[in-house]
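A.B. asks: Here's the letter readout for the chains.
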Amino acid sequence: MADRGLSDDAVELAPGVHWVGALDPHLRSFDIILKTANGTSYNSYVVRGEQGVAVIDTVKENYAEVFFRRLESVARYDEISTLVLNHLEPDHSGALPELLRRAPQAKVYLSTRAQMMLKALLKPPMSDLPDYTPVSTGDEVDLGGRTLRFLHTPYLHWPDTQCTYLVEDGFLFSGDVFGCHFCDARLFNDQAGDFRFSFEYYYAHIMRPFREHVLDALALIEPLAIHLIAPAHGPILRHRPRDYVHRYRELATPRLTNEARSEKTLVVFYLSAYGNTRRMAECLAEGAERVGGVRVSLYDLEGGEPDVFCDLVEEADGLAFGSPTINADAVKPIWDLLSSLTSVNVKGKLGVAFGSYGWSGEAVRLIEDRLRGLKLRVPVDGLRVKLVPDHDELDACRALGQDVARHLTGTVEHRAIDMSALVG
Amino acid sequence: MPKAKVTFEDIGVTVTVPAGTRLIEVSERVGAGITYGCREGECCTCLTKIVSGGEHLANPSVLEDQVLKDNLAPRGHRLACQAQVLGGDITVRPG
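Taken in sequence, the protein lines are chains A and W. The first sequence runs 1 to 424 under the UniProt record's numbering. The second sequence runs 1 to 95 under the UniProt record's numbering.
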């Protein structure tokens, strides 16, 4: 069936450069976690040189049939010398096994980190791996009058991701970078409907957790002469492509300067039913402030929404979470926030938990486990106080704050312990 | 049983451990900054710089060697979920 008025022919980007992807207009949920109001596209491209033809990425397996028809409209399988895999997620590699069967002579070019994924994708009966070459920034493939140059851009949004630059034309095949879930048969950004929301939504959910890697990638991309960006999803960006590069730079840069940039920052989040956990939070903050070089911010989670707090988390060096225990668990706003943190990078940040409880006090340990699961480091045992914290217990909160602050500033005193003394 | 001393440079803690202990068993308990993903030597999340005493760790397995190579790990790095302490003094920090 033709794609929304598109024929099964390839669509020309430039003489010898074609889109051979597929449209998926009825998709509403992508990878479970992402919504899309009008589907998506799986973009694949063909580049013809004087001495060979390259295919850049493929499509989701269900859409292989139309992909092959479009591919056949511009190339014979025995002409295909090069397969570039910018990203091996199944929506881009679904047609790969069949393409390798039809074009067994093709040499595969992929990032170093993609090698193990390729092996995992092509499991038996496709146990014979194709001829593949791991490439990195600056490596090139000469197609004869056309050169593909690779850019090592890992973690956008998988470890294997890379971009491929067609030097002579100034075309950037960017994989998921600069992409979005937006399905429009008009294909090009100067003809498609308004996809700006989709572009920003895609960045926020797919790229934002890897902000540091986005900045590394932009350092490679920004110096290029770019006449067109050909992403793996959504419209092809031929009109003012550099605007989209600039927008990524803006999105990956904090909106306001962090006033505490010369200090370490600790954000203390808490919830409190009767004021006990709040009192603990205040004393923890007070203790941390006593250590030079740490700036503390105190937030009651009842006063905001997770999305807003995610911005704070993204910028903070340390995070403290205070929750009472209700029905043997931390309270829901804590979990709502913790489950939202997958949209930002929290790996390696310092985490600590605390809270008042009535009789069993499970919240602190449960929060600590979640923090470790999110790849925060939890160097200090959390603090639980039964019901109303007394003078000594509030002092213990201050001491916890100081301890946390010392870990943040790297001024903790060296300790020597025996493993048997550590709690299992 | 032979003992070893493992120092986690990022948090300033030295732990005396029995020979045969894997770094993951200690680092998580002391709250060192090494973070973990698959815990099975595949994902390379727990890449760890061996600051000194690398000779006191058991040699990497074929799998660990391959994962380190595929992830372009610099020399002197190991996977904390795989590296097993044999004895002596070892100092590590997140890779």
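Read the hints as simulated data drawn from the structure, not as lab findings. Quantities reported herein were computed from a predicted structural model and do not represent experimental measurements. For glycine and all other residues, C-beta sits at the position ideal for the given N, C-alpha and C. Be a bit skeptical, because a hint or two may be false.
Pulled a few chain W residues facing chain A out of the computed Cβ check, cut under 10 Å [stated by the list, open to error]:
#1 Asp10
#2 Pro18
#3 Tyr36
List time: in silico DSS-like cross-link candidates among lysine-lysine, alpha-carbon distance up to 27 Å [what the hints assert, rightly or not]:
#4 A:Lys347 to W:Lys69
#5 A:Lys347 to W:Lys49
#6 W:Lys49 to A:Lys375
#7 W:Lys5 to A:Lys119
#8 A:Lys123 to W:Lys49
#9 W:Lys69 to A:Lys119
#10 A:Lys35 to W:Lys69
A.B. asks: Each hint should be assessed against the structure and marked as holding or not.
C.D. replies: Checked hints:
The interface hint given for aspartate 10 of chain W is met, as the beta carbon of that residue sits about 8 Å from the closest beta carbon of chain A, less than 10 Å. For proline 18 of chain W, the interface hint holds, since its Cβ comes within 10 Å of a Cβ in chain A; the closest pair sits about 7 Å apart. Hint status for tyrosine 36 of chain W: holds, given a least beta-carbon distance of 7 Å to chain A, under 10 Å. Between lysine 347 of chain A and lysine 69 of chain W the CA atoms are separated by roughly 23 Å; this keeps the pair inside 27 Å, and the hint holds.
In summary, the hint linking lysine 347 of chain A to lysine 49 of chain W is supported, as the alpha carbons are separated by about 17 Å, within the 27 Å threshold. For the hint linking lysine 49 of chain W to lysine 375 of chain A, the alpha-carbon distance of about 17 Å falls within 27 Å, and the restraint holds. A C-alpha spacing of about 39 Å is found between lysine 5 of chain W and lysine 119 of chain A, which places the hinted pair above 27 Å, so the restraint is violated. Between lysine 123 of chain A and lysine 49 of chain W, the direct Cα distance comes to roughly 33 Å. Violation of the 27 Å bound is thereby established for this hinted pair.
Between lysine 69 of chain W and lysine 119 of chain A the alpha-carbon distance is near 15 Å, which keeps this suggested pair within the 27 Å criterion. Note on lysine 35 of chain A and lysine 69 of chain W: the hinted pairing is violated, with a Cα-Cα distance of about 37 Å set against a maximum of 27 Å.
Hint check: violations occur at hints 7, 8 and 10; the rest are consistent with the structure.
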